[in-house]
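> The whole structure should be built from the sequences, with the hints applied where relevant.
Protein chains in written order, with the working numbering: chain G, 137 to 444; chain U, 137 to 444; chain B, 137 to 444; chain H, 137 to 444.
Just so you know, these hints were derived from the structure itself, not from any lab.
One or more of the hints may lead you astray.
Treat identical chains as interchangeable: a pair holds within one or across any two.
[Unchecked claim] Quick list of in silico lysine to aspartate or glutamate cross-link-like pairs, DMTMM-like style, CA-CA up to 20 Å:
#: 1; residue 1: 207; residue 2: 442
#: 2; residue 1: 355; residue 2: 418
#: 3; residue 1: 356; residue 2: 212
#: 4; residue 1: 355; residue 2: 180
#: 5; residue 1: 269; residue 2: 383
#: 6; residue 1: 299; residue 2: 176
#: 7; residue 1: 146; residue 2: 442
#: 8; residue 1: 155; residue 2: 442
#: 9; residue 1: 384; residue 2: 442
#: 10; residue 1: 179; residue 2: 212
#: 11; residue 1: 147; residue 2: 442
#: 12; residue 1: 155; residue 2: 176
#: 13; residue 1: 419; residue 2: 239
#: 14; residue 1: 342; residue 2: 282
#: 15; residue 1: 342; residue 2: 280
Number of protein chains: 4
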Amino acid sequence: MKKWKNLKPKKQPINDLVKQLRFTAFNARRLGEAVDIMEEMIKDKKCVKFLGLSGALIPAGMRLCVTEMIKRRWVDIIVSTGANITHDLAQCFGEKYEPTNPEKVDDLVLKRKGYNRIFDLLAPVETMATMEKNIQAILNNINEGEYSTFKLLNEIGKQLHDKHSVVKNAQQNNVKIIVPAFVDSILGLQVWINSQTRNIRINEFKDLSYVVNLNLDLKKEGKTTGVIILGGGVPKNFILQSVLIADKPHKYIIQITTDTPHYGGLSGATLKEALSWGKVDEKSLFTTVYCDTTIAFPLIVNSLIERF
Amino acid sequence: MKKWKNLKPKKQPINDLVKQLRFTAFNARRLGEAVDIMEEMIKDKKCVKFLGLSGALIPAGMRLCVTEMIKRRWVDIIVSTGANITHDLAQCFGEKYEPTNPEKVDDLVLKRKGYNRIFDLLAPVETMATMEKNIQAILNNINEGEYSTFKLLNEIGKQLHDKHSVVKNAQQNNVKIIVPAFVDSILGLQVWINSQTRNIRINEFKDLSYVVNLNLDLKKEGKTTGVIILGGGVPKNFILQSVLIADKPHKYIIQITTDTPHYGGLSGATLKEALSWGKVDEKSLFTTVYCDTTIAFPLIVNSLIERF
Amino acid sequence: MKKWKNLKPKKQPINDLVKQLRFTAFNARRLGEAVDIMEEMIKDKKCVKFLGLSGALIPAGMRLCVTEMIKRRWVDIIVSTGANITHDLAQCFGEKYEPTNPEKVDDLVLKRKGYNRIFDLLAPVETMATMEKNIQAILNNINEGEYSTFKLLNEIGKQLHDKHSVVKNAQQNNVKIIVPAFVDSILGLQVWINSQTRNIRINEFKDLSYVVNLNLDLKKEGKTTGVIILGGGVPKNFILQSVLIADKPHKYIIQITTDTPHYGGLSGATLKEALSWGKVDEKSLFTTVYCDTTIAFPLIVNSLIERF
Amino acid sequence: MKKWKNLKPKKQPINDLVKQLRFTAFNARRLGEAVDIMEEMIKDKKCVKFLGLSGALIPAGMRLCVTEMIKRRWVDIIVSTGANITHDLAQCFGEKYEPTNPEKVDDLVLKRKGYNRIFDLLAPVETMATMEKNIQAILNNINEGEYSTFKLLNEIGKQLHDKHSVVKNAQQNNVKIIVPAFVDSILGLQVWINSQTRNIRINEFKDLSYVVNLNLDLKKEGKTTGVIILGGGVPKNFILQSVLIADKPHKYIIQITTDTPHYGGLSGATLKEALSWGKVDEKSLFTTVYCDTTIAFPLIVNSLIERF
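Shown next, in the form of structure tokens:
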């Protein structure tokens, strides 16, 4: 079975290194396991795949990794914070960040100079304003009515032209993007502003209906679900909770997080705890990698690109 | 100004200890500062006070601390995860937890025995079912229509009889409870179930309208806002974001969290970073205490009880 | 047995609050358990008690909490980093710290102004120089020869006059202080400097002999050991390792730490892991509280003062 | 200058990925910077290079990464915990670990079956016993006398035959290994046992003399020092402190750690804090990567292999 081995450094492709990690320990081993689980999940043609996005992944440069997963259909449903979608849209309209050193920066000066800081990134206020103007134009082109978040984002996607965009690629590849805390984002504020003059409404029960019915259908059809959780937060809870009514555990779950179990919150909770809730069961394959997503996620995606 | 002193242990009231912490270092000092900031905030009659709740605080026994704050009007608006409100309702209908040791527990056995595990607590599935039955009865008594989350919770509160309940006390004291990721909770699922047969709709834009207009009004009136963030997640972001349109920084913020700044996510972000966004300004009083809320929050509430 | 209860905030002594924590969850519950375990340990007249000190506890204002434990004989052997002992000595000769804000401070300016920074404390270089001069005078009064670290610190203690000093109180109460990484501290550097002109030698094997033989003796006499670990690092490992040769597990262990288990290091390792090594056994009472020591330790000491 | 870019996943060598990380954010960017700093440090022929080892890196499969660095002379002085050296020796005599799942394992059963657990690794007690027998034989071949830890390990290295061994390779390449908390390890216990019958003594002041004089000499010669810190603990403090007497800051420092700054301890302290102590200065190049070493270290070593 699984063996222990000293890792052998040399000039080698990323996937060769990741395969070796499987035989080491701690979070390196878990990273190796995570890629193996994802490989199995991708090969499983009966598996509908969720991707949870939290943390500032899109500003942090992970946009093309997500897009790649969409293009290759390694994901069917994205559940995201509003902020990541907001930044994907902002990049469609020219947003670029500037690196900074969080230990040296004076945030009052930044405020004056027109920068919002995201840890070690500066987002110019003016590109955010450009995004807002553009998003209002797009919203004005969308028919009045009541929308699920995934339907609204699909409509927005149709009007985007950035081939690297998560929202655009999702629309083109029929991948749904659900944002459960929609009002909790700049995008949510923009749609709310639009709703002050036009009859645009968000009904998140439509998102909920979709995932609950999907799980009921999959259960009937003997199909299954898999999950990649980047971060924790609402996307994690929403994806895990989505199987409760169908009482159909997820078959595959990998979680990349820097939160910790021992403070009792859900973001850091072990997937073993999810066994008691029936969100996974004893046949599920799952692992948690405690690592900054900006390091682990590119390794995972690059390794899988080599495997497929 | 501020001095350094060795803390002197002895038989003493909690507040006396907390006052000494101010002169030590690390998170003890910050805890002392947090209570001082809250004292000032409570004394400021022109300040509208937000409380953000994330993490499993209600199951963890912190319910009466929240209720105490409501009764004393130390809070005007609560922004919470759905899970905390779900558990407050469950306790109204008899939910009690059983302590467990997460290092020894077998989650598959728990599943069989009918327990959901929350780190070191067991929540019996049957009391959750009791809650669901009761909440459906309550929802059936509520007029059909479209609700903000705070209005729906106010209606639910009217039908509760548990004098310790957060939702009940909020209703009685005119404290609003906003749940931005409403669908992301068992309560959300229950309202969704109800909505399958009755015309009950949630419109979170109403919640957003309320907080945006509140901030615009407060700015006009020369009033201000203060914030207590327990945990991070959506409640933190929602409260901080609520001032953006009015461009009126929060005057007081304390944050108790176990998340960390150096992974770049918002839950762990420093409040200094919020300066660049205009969510606080140079005259704001703020501090972050890195500590399990279950330890820091009772110390804070007990100290404040002694001070007022 | 153990029940769950919502904590009731009110004006109350510290110990009353801590007793309630026992019935809550997460690290609050563990803090309650830790004090109960320490109460039992202190009452156990057959128990020799270790205290491990790491992290900058003495600069952080925890000096009198340690001294109180020594005076009350709640500890028999202290195992410490050199830094904590260095700062105890520095305080004997007038060292005082100045509070600072680590987010605003310019470390190059500090360097110029003569301050060493310890996170949010400033230690003036000149008081360190005063300490060094005084410690050389003390060392010059000590007979040449080879010393265990505890014997050398005992000799130093005899020459101190600060009634709040950990080293002084340890000497007066026959409490041994062992510093396994003695050379890794300013004190170590000072003794090394002294050793360049006088024949002063440190032999840590004498420290090791003492703890190994102590454990062998205790085993023969049917006596036992208990441990309080503040932080992790070398003091934790040294104390746990000390029982290996006698093959006599510690009976009581509490650990206060902010390190985490899931990165595989010993500082964050669970005490359950110590079962496999025989450092504790199934009859041992142990718990780990994940909390900044500056918050948890004063609560523990104050509660115990009320209990005894 | 430094730009921001979305990372582009594809089939590519490790170094190409790591070079892209430089333009992202959070700890990915820092990892990219760390490799660039190390590249510069390695090219700097006037730089003496320290490597600090803490955490269970050798059991975790990182042995050959360390060995590779020794062989390529990317390191001149290793400062390590005793445990890592103990396990390097144990592997010389056949120690192999078995992977385990820390969430499922029963540590009492392990104890009975003869396994010591290191998080998710099992170390058989019998291979540890084999190591102890062998190390006694080796020690008995070593001349009686007083040794620095690096000199003793050099003598041990001469008698090893495992070409993958850190201690062996260090001896062959004239790399010094210093273990400041020597008594705090199984190896320390074994040497202590040997010292009960033979006149083998450890004098850590000799280690201290070596590093202090080295820094004084380097200063005179206009040479410099660089540091790679894996973990924190005593190795970090010892290496940083070693420049104090010479008052000669380190020129390069990279630190890989999972500890955090905001609890005030040295392991997690920022390198910016070290500016105030003069351990680095404004011309020093330094960065801290918050990441499990088992993930970051192989990426660093593999990238550097491609660069040289």
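> Each hint should be assessed against the structure and marked as holding or not.
Hints and how they fare:
In this homomeric assembly, residue 207 and residue 442 come within 20 Å of each other (Cα to Cα) only inside a single copy, at 15 Å, whereas the closest approach across copies is 31 Å. In this homomeric assembly, residue 355 and residue 418 come within 20 Å of each other (Cα to Cα) only inside a single copy, at 17 Å, whereas the closest approach across copies is 44 Å. Proximity of residue 356 and residue 212 under a CA criterion of 20 Å is satisfied intra-copy only: 19 Å inside one chain copy versus 47 Å between copies. For a Cα distance limit of 20 Å, the shortest separation of residue 355 from residue 180 inside one copy, 15 Å, qualifies, whereas the shortest one across copies, 56 Å, does not.
For the homomeric pair residue 269 and residue 383, the shortest alpha-carbon distance between copies (18 Å) is at most 20 Å, but the shortest distance inside one copy (44 Å) is not. With identical chains, the CA atoms of residue 299 and residue 176 are never at most 20 Å apart, being 29 Å at best within one copy and 37 Å at best between copies. Proximity of residue 146 to residue 442 under the C-alpha cut-off of 20 Å is found in both arrangements, the shortest distances being 18 Å within a copy and 8 Å between copies. Both within a single protomer and between protomers do residue 155 and residue 442 lie at most 20 Å apart by alpha-carbon distance, with minima of 11 Å and 19 Å respectively.
In this assembly of identical chains, the alpha carbons of residue 384 and residue 442 never lie at most 20 Å apart, being 32 Å within a copy and 47 Å across copies at closest. For the identical chains of this complex, residue 179 and residue 212 are intra-copy neighbours only, at 14 Å inside a copy versus 47 Å across copies, given an alpha-carbon limit of 20 Å. In the homo-oligomer, the alpha carbons of residue 147 and residue 442 lie at most 20 Å apart both inside one protomer (16 Å) and across protomers (6 Å), since each shortest distance falls under that limit. Taking identical chains as interchangeable, the C-alpha atoms of residue 155 and residue 176 lie at most 20 Å apart only when both belong to the same chain, with a minimum of 14 Å there against 30 Å between chains.
In this homomeric assembly, residue 419 and residue 239 come within 20 Å of each other (Cα to Cα) only across copies, at 16 Å, whereas the closest approach inside a single copy is 46 Å. For a Cα distance limit of 20 Å, the shortest separation of residue 342 from residue 282 qualifies both inside one copy, at 9 Å, and across copies, at 15 Å. In this homomeric assembly, residue 342 and residue 280 come within 20 Å of each other (Cα to Cα) both inside a single copy, at 16 Å, and across copies, at 18 Å.
Going down the numbered hints, you'll see the structure goes against 6 and 9, while the others check out.
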